[in-house]
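Visitor: Input sequences plus hints: build the corresponding full structure.
Per my numbering, the very first residue in the sequence shown carries number 167; after that it's consecutive.
Bear in mind the hints are in silico, worked out from the structure with no lab data behind them. Please note that the accuracy of each hint is not assured.
Stated by the list, open to error - In silico lysine-lysine, DSS-like type, Cα no more than 30 Å apart, as pairs:
no., residue 1, residue 2
1, Lys323, Lys392
2, Lys304, Lys170
3, Lys710, Lys653
4, Lys181, Lys449
5, Lys323, Lys258
6, Lys449, Lys258
7, Lys181, Lys258
8, Lys258, Lys184
9, Lys496, Lys820
10, Lys170, Lys496
11, Lys184, Lys170
12, Lys392, Lys184
13, Lys170, Lys449
A quick note: this is a predicted structure, and the numbers were derived from the prediction, not measured.
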Amino acid sequence: MSFKHIFTPVQLRHKQLKNRIVFGAHTTNMAHDGLPGDQHLAYYEERAMGGAAMIVVEPMPVHAAAVLTRGNFRHSSDDVIPHFARITQACKAHGTVMIQQLYHVGAHGDWDNSWHANWSPSGGPSYHDNDGSHAMTKDEIEETIQGFVDAAIRCQKAGFDGVEVWAAYHCLLDQFWTPFSNQRSDQWGGSLENRTRLSREIMARIRAACGPEFIIGLSVNDDSDKPVCLSHDEMVEIVVLHDAQGLMDYVTVGSGSYFDFYKLLPSFQYAENLGADLAERLKQANLTALVTAEANIRTPDNANTVLGAGRADLVSIVRGQIADPHLVAKAERGAPDDIRGCLSCNQQCWGRRGRDYYISCLVNPSAGHEYLWGGDRFTPAQTPQTVLVVGGGPAGLECARVAAERGHRVILAEAGPELGGQFRLAGLQPRRAQITDLIGWYERQLRQLQVEIRYNTYLDAQDVAAIGADHVILATGSAPPETGFQKALPHVARLPGIERGQVWSIQDVMTRAARLGNDIVLLDEAGNWRGIGTAWHLAEKGHKVTIVTPDPMIGRELARSATDFPARATLAGLGVRFVTESALTGWSDAGAAILSLLTGESQTIAADSLVLATANTPETGLAQDLRERGIKATSIGDAAAPRLAAAAIHEGRKTGLTL
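Guide: See below:
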């Protein structure tokens, strides 16, 4: 496959970009004591090595009021310069143009990280939490301008080729642009000229301070479906004004904002190429600056299409290059099928970052661990041996792949006719086909690596002993307990009435083993896609579904991946009923007996079938039999402890590296 539009060089001020793919800014939350270290260095260099033409390093807060996360870099301090210099030097050695984003979130700050009042144009509310903000004085505006300029000077001293001024997602600069949040009557508010004065002054002073051989970018966003946000016409007018005054060399267009945080990190629930619509409008405005499209552009094919249609000059692929840091290089050598695709799941990138951990990736556990594991590459084993992997779910697939990459002879025994295990079932839920695409990627990689895959092969301890492998890895997964036990009612070991029948696991549903009636109660103790995706599937099939959960809201665990609200909206649109903070106390011909955990009141919901999304138990029988025979084996993934796919793939990678 040819990606001619991607691999056409383009001039960006004094630099020529070798291709059109950018690794855009995103907070990795890896800083220690406000300084970038070895973890940052290895993370960014891996993407430079992988072919990204330009990297926009995560944002630098420009002032005490701008600090948002624990992992932010030190603001207003020259201490960062030598640490960033290591990163820029390493990445530029691969021909990558290096930019750093400068930001100030304004009203949406986090005071107990910054220990500073949030600043904003008019003292508006935060959409990050329930705090208010302080209306900036003229002196504080001047202080903020100088903060941006000083930060840009530090970037230049650290070897960055330029900076990207963040005016997206209703941050401070966008708050000044937007009449809703800028209600000032002085020179900083009112007319378009006044509302854009702050951003224009910042960019003009950066140019004066850093000189003509310094790239200046501008980051904006498209959230035009929100009434208080700027429309496409208004955003085009603002960007054109900056461009006409020669203030910027490129503009990056994302999606969503603090008013719609879910679209800021668009999951698989959203359409692809979200940032391309406004980017196209800006291209039609004949800007001097280059236009970069960002937001849910996952693949080289997406990028090539956007570029080929003239909708943008550059494309920023962030999560796609987190998932596969060598995405660009693989596309360039004509091997797009070797690219490990992003699932747009947000589980380990935003899901970890939002919990104040450093980011990683579900499909690529080397993300964030490059400095420990030697990147997303493999060192050959000193003594190749025979490795038997039992189970073809995500843990087994990753372990088999890594062991084979390192030169071991690998046998993968799968009890069923297909690879993927319960992960494949997740891929059968609505809009989650990216999971089955990933399983297809594993199948291709294992074939190329000459892994011996034995389908429909159930192994017992005698069979394992007969193979005589040097290493035995058990990735045998987990299974539903079939007792109806609920964590919300720990004193009840077995759901009363479960023996009546018409009780199914979510695995039964997705494998089509369940014989379901029309009215279904789904008990969801997981709070994640295991239950929610199954309910979505059932509702789309025409079943009348009621979700019962002990949690205070449906999809509680999805909140960490910024996918919960769109999921609830979809379920509500399909007529799914929600019963929260409740548990099941029985199952009978009348239906499901429901107990309110808040009031102790009971009700019965009429239903033909009961579906359980509760915690699985590990499959340990083979492990026990092997121990009794004195055969050493290592259990990974759900066979060690039932968790999400991210844990399984991480353990598969880590185990494969140790063999």
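Visitor: Next, verify each hint and record whether it holds.
Guide: Now for the hints, and whether the structure bears them out:
no., hint, result
1, Lys323 <-> Lys392, "violated, 40 Å"
2, Lys304 <-> Lys170, "violated, 50 Å"
3, Lys710 <-> Lys653, "holds, 26 Å"
4, Lys181 <-> Lys449, "holds, 21 Å"
5, Lys323 <-> Lys258, "holds, 15 Å"
6, Lys449 <-> Lys258, "holds, 29 Å"
7, Lys181 <-> Lys258, "holds, 12 Å"
8, Lys258 <-> Lys184, "holds, 12 Å"
9, Lys496 <-> Lys820, "holds, 24 Å"
10, Lys170 <-> Lys496, "holds, 14 Å"
11, Lys184 <-> Lys170, "holds, 12 Å"
12, Lys392 <-> Lys184, "violated, 37 Å"
13, Lys170 <-> Lys449, "holds, 20 Å"
When each numbered hint is compared with the structure, violations occur for hints 1, 2 and 12.
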